[in-house]
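Q: Single-letter residue listing:
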Amino acid sequence: MILKIAWKNVWRSRGRSLVVIGAIVVGIWALLFGTGFMNGFMVSYMADIINHDVSNLQIHNPEFKNDYDIKFYIPDGIKKAEEVRKWPGVRGATTRTIVNGMIASARNASGVQIRGIDVQNEAIVTQLDSLISEGAYFEGIKKNPVIIGEKLAEDLKVKLRSKIVLTFNDGNGDITAAAFRVVGIVKSSSLKINGLYVFVRQEDLLRILAIDNQVHEIAMVTGSRIDEELVVNKYNEKYPGDLAESWREIAPELAFMEEMYSQMLYILLVIIMTALVFGIVNTMLMAVLERMRELGMLMAIGMTKLRVFMMILVETIYMSIVGAPLGLFVGWLTIRYYQNAGVDLTEYSEGLAAFGYSSILYPYLEADAYIVVTIGVVITAFVGAIYPAWKAVKLNPVEALHKI
Amino acid sequence: MSVIKVENITKVYTETAVPVHALNGVSFEIQEGEFTAIVGPSGCGKTTLLNILGGLDHPTSGRVELINTDITEMKDRDLIDFRLNNIGFVFQAYNLIPVLTSLENVEFIMLLQKVAKKERIERSMNLLEQMGIADKANQRPSKLSGGQQQRVAVARALASKPKFILADEPTANLDSVATSNLLDMMAVMNREEKVTFVFSTHDQRVIDKARRVITLEDGRVKSDEIRE
Numbered sequence: 010m011i012l013k014i015a016w017k018n019v020w021r022s023r024g025r026s027l028v029v030i031g032a033i034v035v036g037i038w039a040l041l042f043g044t045g046f047m048n049g050f051m052v053s054y055m056a057d058i059i060n061h062d063v064s065n066l067q068i069h070n071p072e073f074k075n076d077y078d079i080k081f082y083i084p085d086g087i088k089k090a091e092e093v094r095k096w097p098g099v100r101g102a103t104t105r106t107i108v109n110g111m112i113a114s115a116r117n118a119s120g121v122q123i124r125g126i127d128v129q130n131e132a133i134v135t136q137l138d139s140l141i142s143e144g145a146y147f148e149g150i151k152k153n154p155v156i157i158g159e160k161l162a163e164d165l166k167v168k169l170r171s172k173i174v175l176t177f178n179d180g181n182g183d184i185t186a187a188a189f190r191v192v193g194i195v196k197s198s199s200l201k202i203n204g205l206y207v208f209v210r211q212e213d214l215l216r217i218l219a220i221d222n223q224v225h226e227i228a229m230v231t232g233s234r235i236d237e238e239l240v241v242n243k244y245n246e247k248y249p250g251d252l253a254e255s256w257r258e259i260a261p262e263l264a265f266m267e268e269m270y271s272q273m274l275y276i277l278l279v280i281i282m283t284a285l286v287f288g289i290v291n292t293m294l295m296a297v298l299e300r301m302r303e304l305g306m307l308m309a310i311g312m313t314k315l316r317v318f319m320m321i322l323v324e325t326i327y328m329s330i331v332g333a334p335l336g337l338f339v340g341w342l343t344i345r346y347y348q349n350a351g352v353d354l355t356e357y358s359e360g361l362a363a364f365g366y367s368s369i370l371y372p373y374l375e376a377d378a379y380i381v382v383t384i385g386v387v388i389t390a391f392v393g394a395i396y397p398a399w400k401a402v403k404l405n406p407v408e409a410l411h412k413i
Numbered sequence: 005m006s007v008i009k010v011e012n013i014t015k016v017y018t019e020t021a022v023p024v025h026a027l028n029g030v031s032f033e034i035q036e037g038e039f040t041a042i043v044g045p046s047g048c049g050k051t052t053l054l055n056i057l058g059g060l061d062h063p064t065s066g067r068v069e070l071i072n073t074d075i076t077e078m079k080d081r082d083l084i085d086f087r088l089n090n091i092g093f094v095f096q097a098y099n100l101i102p103v104l105t106s107l108e109n110v111e112f113i114m115l116l117q118k119v120a121k122k123e124r125i126e127r128s129m130n131l132l133e134q135m136g137i138a139d140k141a142n143q144r145p146s147k148l149s150g151g152q153q154q155r156v157a158v159a160r161a162l163a164s165k166p167k168f169i170l171a172d173e174p175t176a177n178l179d180s181v182a183t184s185n186l187l188d189m190m191a192v193m194n195r196e197e198k199v200t201f202v203f204s205t206h207d208q209r210v211i212d213k214a215r216r217v218i219t220l221e222d223g224r225v226k227s228d229e230i231r232e
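In order, the protein sequence lines correspond to chains P and H.
Heads up, the first sequence is in my numbering, so the first residue is 10 and it goes up one at a time.
Heads up, the second sequence is in my numbering, so the first residue is 5 and it goes up one at a time.
To be clear, the hints were calculated from the coordinates, so they are not data collected in a lab.
Take these hints with a grain of salt, some might be off.
Stated by the list, open to error - With a straight-line cut-off of 25 Å between C-alpha atoms, the simulated DSS-like cross-links for lysine-lysine are:
(1) 167(H) to 314(P)
(2) 201(P) to 166(P)
(3) 400(P) to 167(H)
(4) 17(P) to 167(H)
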């Protein structure tokens, strides 16, 4: 009957209870959607960077990352790339010859990283071809075609088929320059692809550098369920002279971001649930203070303090039981809708692009987030009920009975 | 058999700037089956005495023995259990649980005593019948008149099969007809069921029905009159 009384007490002040239930619904919805929204940012940003730039893992000569000197190449890099392509879990591997240099147009010049790519395998690993916004993927210009990012094209004030000059040190340490024509312009949320990288055919770069089949980077893409670390360890064990690293080591800022966003749910949970606790405490305290005489009577006739405490606790939990599933459902529904439709942020696209974010956002939430939120709500309800319940059991029946 | 025995009890409230002596050496004994009114002007200590007799408050000094059990030094936790199984309470403001029906209000105290559901409902219905409000069993207190609510409160007090019932100004909020009906029913319960009633009151209609009248004045027993 205590459960029954508690349930009926919830509806004693219908308006007030509905406000608390509403606060729980809105709180949970905001928590789920807020986290989903943040996750959407992170997932799309990271997916862009990993899929189009960093890849799941990369292999270098250990010295190369310190100096970026072309003499620090991966011995037998092309053969090794052919080998790893056959490893289980590896979806693709591509080789790159990399040299830092200058790009110059008739109007402007800029420092760039020139990437001599294996055209076919690059498309498999980074889907570079899918980023082409203008022109074609190394088609249409036979001699020295180059693909550059949208921002770089803008800075250099070049268009498709414009001539640009790349200047860099060759294999002998001499400065060399070569003319290229823009065959394609790529657009990506990666700031490096947009403004720093210059993509040329590997054979063209090797020829100008006057070196044979030297590659400085092997980028690999693995199956979605394959742990990159397994492939990294396997490679490093087999070729201890090279250095294989997963995207977490290559781009620690991404790993940090992933870590930070994974905490976002908990940060939002603490903020929203703290606000909710105050709402619950306020409402339940009012409910207790309004019923002082009744509570005094219950204790006078022989209801133990534990039972009084439990009654107030159960009342709060009931409100949570009504509010939480509703909030979870509305939150799930909202995320589900926007997961397909996307949240259109084109109004802010310029600002978002500056940070490498796309302007259509697809909220995303792991299933276990719903479990975390449910547990969070239950804990919140308990915490919110404790003070009013404690206040109730601290009542002196004699004094409470004479309250008006 | 003595159900209530108080020996030289005092109660001093020290929370105020000047200590208030609410009770000042009160002694008496009430036997099983009595129909006693504790009377006196406002501030004479009636409610304080009733609170002490009900185990809701402790005397500053003196001894309180209920049903041959000394409750003077009893811990609050034990007193709750003692009250539940030995004392019935009727309050001036009825104090029914507004979200429960009359039947459930009566049943509630037996639930605390862990009485089986079937017995709870049977006994509750019997009591409501005895109180003449069986037809109101499924009504909530807000749908009942003051007299009817107080009869539910008496039924609730009787439901736990207490050794005695303490009623604090039970007729204060009732009109004369309701008061008369309620007192008649209590008198019948006292006569036929040997239920011991102790009232605090300054209602002359209650005093007239009482078979014993203990008059308090300034925290002392001024007179103790037994009527035949």
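Q: If a hint holds in the structure, say so; if it does not, say that too.
A: Status of each hint after checking the structure:
1. 167(H) to 314(P): holds, 23 Å
2. 201(P) to 166(P): The hint holds at about 18 Å.
3. 400(P) to 167(H): Given pair residue 400(P), residue 167(H) is violated - Cα atoms ~32 Å apart, limit 25 Å.
4. 17(P) to 167(H): violated, 32 Å
When held up to the earlier numbered hints, the structure conflicts with 3 and 4 and fits the remainder.
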